[in-house]
Each structure stands twice: as structure tokens, then as C-alpha cells.
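Undergrad: Now for the letters of each chain:
There are 2 protein chains.
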Amino acid sequence: MNRRNFFKKSALAGAAAISIPEIVKAALPDTSSTNDLSGQNLSKGATILLQGDSITDAGRNRTDENEANKQSQLGNGYSLFIGANVLANHAGKELKIYNRGISGNKVFQLAERWDKDCIDLKPNVVSILIGVNDFWHTKTNDYKGTIVEYEADYRALLARTIKALPGVKIAICEPFIIHGGKALDNTWEGDFAPYRNVAKALAKEFKLIFVPFQSVFNEALKKADAAYWGPDGVHPSMAGAQLMAQAWNKAVL
Amino acid sequence: MNRRNFFKKSALAGAAAISIPEIVKAALPDTSSTNDLSGQNLSKGATILLQGDSITDAGRNRTDENEANKQSQLGNGYSLFIGANVLANHAGKELKIYNRGISGNKVFQLAERWDKDCIDLKPNVVSILIGVNDFWHTKTNDYKGTIVEYEADYRALLARTIKALPGVKIAICEPFIIHGGKALDNTWEGDFAPYRNVAKALAKEFKLIFVPFQSVFNEALKKADAAYWGPDGVHPSMAGAQLMAQAWNKAVL
Numbered sequence: 001m002n003r004r005n006f007f008k009k010s011a012l013a014g015a016a017a018i019s020i021p022e023i024v025k026a027a028l029p030d031t032s033s034t035n036d037l038s039g040q041n042l043s044k045g046a047t048i049l050l051q052g053d054s055i056t057d058a059g060r061n062r063t064d065e066n067e068a069n070k071q072s073q074l075g076n077g078y079s080l081f082i083g084a085n086v087l088a089n090h091a092g093k094e095l096k097i098y099n100r101g102i103s104g105n106k107v108f109q110l111a112e113r114w115d116k117d118c119i120d121l122k123p124n125v126v127s128i129l130i131g132v133n134d135f136w137h138t139k140t141n142d143y144k145g146t147i148v149e150y151e152a153d154y155r156a157l158l159a160r161t162i163k164a165l166p167g168v169k170i171a172i173c174e175p176f177i178i179h180g181g182k183a184l185d186n187t188w189e190g191d192f193a194p195y196r197n198v199a200k201a202l203a204k205e206f207k208l209i210f211v212p213f214q215s216v217f218n219e220a221l222k223k224a225d226a227a228y229w230g231p232d233g234v235h236p237s238m239a240g241a242q243l244m245a246q247a248w249n250k251a252v253l
Numbered sequence: 001m002n003r004r005n006f007f008k009k010s011a012l013a014g015a016a017a018i019s020i021p022e023i024v025k026a027a028l029p030d031t032s033s034t035n036d037l038s039g040q041n042l043s044k045g046a047t048i049l050l051q052g053d054s055i056t057d058a059g060r061n062r063t064d065e066n067e068a069n070k071q072s073q074l075g076n077g078y079s080l081f082i083g084a085n086v087l088a089n090h091a092g093k094e095l096k097i098y099n100r101g102i103s104g105n106k107v108f109q110l111a112e113r114w115d116k117d118c119i120d121l122k123p124n125v126v127s128i129l130i131g132v133n134d135f136w137h138t139k140t141n142d143y144k145g146t147i148v149e150y151e152a153d154y155r156a157l158l159a160r161t162i163k164a165l166p167g168v169k170i171a172i173c174e175p176f177i178i179h180g181g182k183a184l185d186n187t188w189e190g191d192f193a194p195y196r197n198v199a200k201a202l203a204k205e206f207k208l209i210f211v212p213f214q215s216v217f218n219e220a221l222k223k224a225d226a227a228y229w230g231p232d233g234v235h236p237s238m239a240g241a242q243l244m245a246q247a248w249n250k251a252v253l
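Sequence lines, in order, name chains A and B. To convert, note that position 186 of the first sequence is 186 in my numbering; the numbers rise steadily by one, no gaps. To convert, note that position 22 of the second sequence is 22 in my numbering; the numbers rise steadily by one, no gaps.
I should point out that these hints are in silico values taken from the structure, not numbers from a laboratory. Some clues are possibly wrong.
Since copy identity is lost for identical chains, a pair holds within one copy or between any two.
Taking lysine-lysine and the DSS-like style, the derived pairs with C-alpha atoms no more than 25 Å apart in a straight line are [said to hold, decoys possible]:
| no. | residue 1 | residue 2 |
| --- | --- | --- |
| 1 | Lys96 | Lys222 |
| 2 | Lys207 | Lys163 |
| 3 | Lys222 | Lys70 |
| 4 | Lys70 | Lys223 |
Next comes chain A alone, as it looks inside the complex (with noise of 0.2 Å):
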């Protein structure tokens, strides 16, 4: 089954509501478009859950994390961009967003807490960013985790939520570094490639989404530096969180 093509189809029904960028443009018509997204993805009374590690974490409020919605649990990261562009854009709409991305995560750490913090939210739309800390706890937090796990690993969570939630829609983030960054030495760009090569190549054994973060960051350094982007490479900046936001809305939306 595509499921893909599965969501969209199932989300018609939900479609015919307009999206916000409509509400600026009635209210602003002379001058020119803002963003434009089409939200045909995104059918009433959807649940969004945005997973991973520090990069989704960003700062939220663990005691607000049932409250879908609330600011302060979304973090300060493009968790937050995210659900403040998502729910400007589709008012109306009943959506439901929630961040339980924690900081230091490994992808068989979102496996060990995944009823909890994700099928029990009954989500249409999971979105995963995974995979840095597996490769960089090998080399600062005595980690012994191997690609070889982090792949397996990450295929069964992948097979065991779709088993779950028979019609999610998942978006597979990849996992990026912002070259220059502080934290980052010569061994990342080729030793951290397999890690991203395995998310891309299991959104396509699965026919899922795939956000290419690696992709973003590398064309953004063409305008500013890491300093800008994300200062120690892993963890982007406020203007980094803000890209990843934009990418994300516009693969996934």
C-alpha cells in the first residue's frame, strides 16, 4: 500500500477549508503573496507528534506535554515554527500538535518510551528526527551502539508504528550536521554519512516522506556560516530552527 497517497486521499474530505495564508491575503491585497501552503495533507482534527532528540526537545516543558498545542510545550526549536506556522495556516482545522522530543535521545530510546509517546497519541502525522546521538555518543559518551544497530533498530520502530497506526502519515527527518560547526571534527562529514544514508534509504524501503535536512543546511551555508546557522553544528541556531521549519512544512504539508 502507498500510504502516501493512502493520507491524501482520506484527507479530501477535510480540504475544503481555507488555508490562513488567505486570511493575510484578504486582508492585505495589495501587495504581494506570503507562503503558500496547501494543507490538503491535513484533514480536521488531526494529531501531529514531532519526535527525537535535543533538536526537537529544544528547551519544552515536559509538564505541559499533554496539552496539545501550548507553546511553552513545543521548546523554543522548529518544533515550535512548526506548530505556530501549522496552526496560523489552518485554523479551523482542530489540529492537534505535540513535541516529545528528549534531549540525548538514541534512536532505541524513542523505541523503549514509543507507547507512551507515540501510539498512545493516536497521531495521523509522526514526524522523526533521530540518529545524531547514535553517532556521536560513540565518541564522546563511551556509546557502543553500531550502524548496524541504529539501522535495525530504527526499521522495527519504523514496521512496529505503522503496524500500529494503520494509515500514519511519517515523515523520516534526516539526521544533518551544519559543516563548520564547533562541536564537529574531520571525521564527522565521512563517519556521520551512513547514519544519514540509512534514514533516506528506510523512507524509501517504507514509502515514507523524507525531509532533507542535510540538504537545507548545506545550500543555507552558501549564504552565512555555522556561527549562523548552528554554532556547534548540531543543534541550529534560532535562523537554523526557523529553515528547518520552512523545509519541513514544505515536504510534509
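Got chain A sorted already, so can you dock chain B onto it with the hints?
TA: Relative to chain A, chain B alone:
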């Protein structure tokens, strides 16, 4: 002098830089377009200042207020969403953005701190959102200021700004209410309108940009209620703040 055209002309030198949506397009060539700000109005090294009351302030960290572009000093409201979007979309232009809104401010209080919190920053773009407290505090805080004083103070502030900062681009943001909000009663619709009208008339008088936030929220209320866009009718929600940022981007940039 038509200062808006002046600014556009003077900014042409910086227009060769490609805006960030093109980065997203380059990285994601197979999907639909994202937002498409022209950015022709922002010259290299330009300073943008956001000024106003609690709506602008939105919990900003005053300790960091001299650190341009720092997320904490931008707060958690529309200023943050404007800042993130501007920096993501205009990388390489070395822009500086500051939030100097202060909760509770009326126009005379902006004037009291205008040298320190505007003129001294030498901004190229100044965005002002003020007026709701000039009315609200007459109802709740025993404030004795009148609409006549509001208009005179606001006109003097604008004349002073234009004199001190030749070539500055000023955006007058319309003060607004979100109909149905809990802090509003039936008197607001009629009695607050003159404050909105003064802001609009002053923008016309000085040939400044006008951001019609009341129209934006009136349109938004066709899609969802005040609980969604700003529960108390004065302070926008996350979705409301994002909507403001989208409108601001469209009107100002």
C-alpha cells in the same frame, strides 16, 4: 519626500543576495513553493527595531536586550516569529533585529524612553505597535489620558523619529482587538475604534507603512474564535502571533 520609495531605492545595492526561500527550493525541488518574501527592502547590515507594549514584549529577556538576533531578547510573541523568519530568509545580509517592547506601555511611555530604546540603536526599520493601553488603562488603571493626547503624543513621536533618523523606514502597526476575547466588553468596539483610526491616519499623514492587524484578525475570526487567536482579546495566542508575523512580513518587507 516619499520615504518608502527612498528606502526601496537605497536598498537596491543589497538586493543581489538570494533570499532563503530559494535555499529551500533548491533543497526540495520537487514539491510546492514555500513563502516567497522578496526582501528587496532590506539593505545589508540593516537594523530592525520592534517597539510597543506587552504584545511586542511577550516575555523578552531584558538582560539580553543589547544582543541583536538573540532568541531570548525577542520574547515569545510575534517579534520572535518576525525575527526568526527575517533571519532565515535574509542570511548573508548581516541584519540586526531588536525587540524593545515593554508591557503596559502607552505612547507617552514610548516617548520617555525613545532616545535609549530607538534613536540610539540607529535603526533602518522601526515597527511600532501601540495604543491598546492608551484606551484600556482608562477603564482599568484610572488612566486619564485622552484620544487627543494619544494622537498628539504619537504624532510628536513620529516627527521626532523622522528628524533624528533620516531615511528611516517606519511601520505603523494597527492596534487591534480580537472580538470575543474575555477581557473585552461591549464598549470596546465603538470606543477603541478612534485609537485604531488615529494610527491609520498618522501612517497616511507621514506616508508610512501601515500594517492592518485589525483587518487580519477580523479575517482570522471567520476561521476560528478568539480562544484560538487570543483568548483575552488583546494578547495573541501562538497562532495569532504567527499570523501577525506573516502579515507584517507581507506589509513591511
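Undergrad: Taking the numbered hints from earlier one at a time, note which ones the structure violates and give those numbers from smallest to largest.
TA: none
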